[in-house]
Amino acid sequence: MRTTTAQPEKPVQNNNLRRQPEPREFIPPQVNIFETADGYSLEAEMPGVSKNGLEISLEGNELTIVGRRNQETVEGQALFCERQHLDYRRVFELDPAIDTAKITAKMDQGILTLTLPKSEKVKPRKIAVE
Amino acid sequence: MNSLTRWQRPELSGWTDLGRLSTLRDEIDRLFEAPLAALTAPSQLLSGWAPALDVFENKDNLVVKAELPGMKKEDIEVSFQDGALTISGERKGQDKYEDAEVYRSERFVGRFQRTVSLPAPVNGDQVKAQYTDGVLTITLPKTEEAKPKQININIS
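Read top to bottom, the protein sequences are chains A and B. Here the first sequence stands for residues 1 to 130, numbered as in the working numbering. Here the second sequence stands for residues 1 to 156, numbered as in the working numbering.
Hints are computed from structural coordinates only; laboratory data are not their basis. Incorrect hints may appear among the rest.
Straight-line alpha carbon distances no greater than 20 Å define the calculated EDC-like cross-link-like pairs of lysine to aspartate or glutamate that follow [to be verified]: (1) A/Lys51 / B/Asp133; (2) B/Lys128 / B/Asp54; (3) B/Lys128 / A/Glu75.
Only part of the chain A face toward chain B is listed, based on derived beta-carbon distances under 10 Å [as the list claims (entries may be wrong)]: (4) Glu25; (5) Phe26; (6) Ala44; (7) Gly53.
Output of the computed footprint for chain A on chain B, the stretches with three or more beta carbons under 8 Å from beta carbons of chain A [said to hold, decoys possible]: (8) 74 to 85; (9) 147 to 155.
No experiment lies behind these values; they were computed from the predicted model shown. We put the beta carbon where it would ideally sit given N, CA and C, even for glycine.
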């Protein structure tokens, strides 16, 4: 008598299906960006981050803002969790007109305000005719 | 010798059990009636924006943490009535940018309000709130009756 045996299926090695999405470590903070004749102003919302948790770095004309949240320990059971407890990160490409040596930053109640002044020679100026 | 495993049609075993369909519906209904029933997720259509909340409970307190960056303490209102906590206020725009060109405007500006129905009774007059780094932390002490108590029952 012939018996057919069902062999256990081998898992299909299809790499497209099996690739896991990269673990999310960061979320981008909401920003407002304004431009005046003197420079740019960037406000980034990073609630839960204090001045010590900020890492602002500049590479060429790429500005990277990273905000690490404060450690929060709350005793008890979480009944409802809407806040994303991830750190913040966002990268910006700067206008070459910005004078990167004069960038200043301020942090208040979770809002990082960056002031990026334009270089003097780029600002519009009148040329007098002799 | 390899053992023969009986191959069952998956559909038959699932669908003959119709009772499971009704529990599925109950589960979906329950999703919409969350235990903190007055908590509505911030809906862009209706309210525009509302702060994200975390609610914690321990044996003495309820703790609510709301993300409200960039506000002044005076512009935030926290009120408590009939077992519901309301956080409201107005996020003001910056006036000094009036004549600036706007490249991105992702931050919300304007009035907001969010109400949370609390799962345990609290002492309204002992509620404390603290605002640091853009996070508003509200601590609501539970009433004595709401705290868990150990009751020893003697078995005779």
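Outcome of the hint check:
Between A/Lys51 and B/Asp133, the direct Cα distance comes to roughly 9 Å. Compliance with the 20 Å bound is thereby established for this hinted pair. Between the alpha carbons of B/Lys128 and B/Asp54 the distance comes to roughly 16 Å, so the proposed pair stays at or under 20 Å and holds. Only pairs whose Cα atoms come within 20 Å are accepted, and B/Lys128 paired with A/Glu75 is accepted, the gap being roughly 16 Å. Hint on A/Glu25 is violated. Least Cβ distance to chain B is approximately 19 Å, over the 10 Å limit.
A distance limit of 10 Å between C-beta atoms decides the matter here; for A/Phe26 the minimum to chain B is near 16 Å, and the interface restraint is violated. Of the supplied interface hints, the one on A/Ala44 holds, with its beta-carbon coming within about 9 Å of a beta-carbon of chain B, less than 10 Å. At about 9 Å, the closest approach between the beta carbon of A/Gly53 and any beta carbon in chain B falls short of 10 Å, and the interface hint on this residue holds. Requiring three or more residues with a Cβ within less than 8 Å of a Cβ of chain A, the coverage given for the segment 74 to 85 of chain B is violated, as only 0 such residues are present.
Counting residues of the segment 147 to 155 of chain B whose beta carbon lies closer than 8 Å to any beta carbon of chain A gives 0, which falls below the threshold of three, so the coverage claim is violated.
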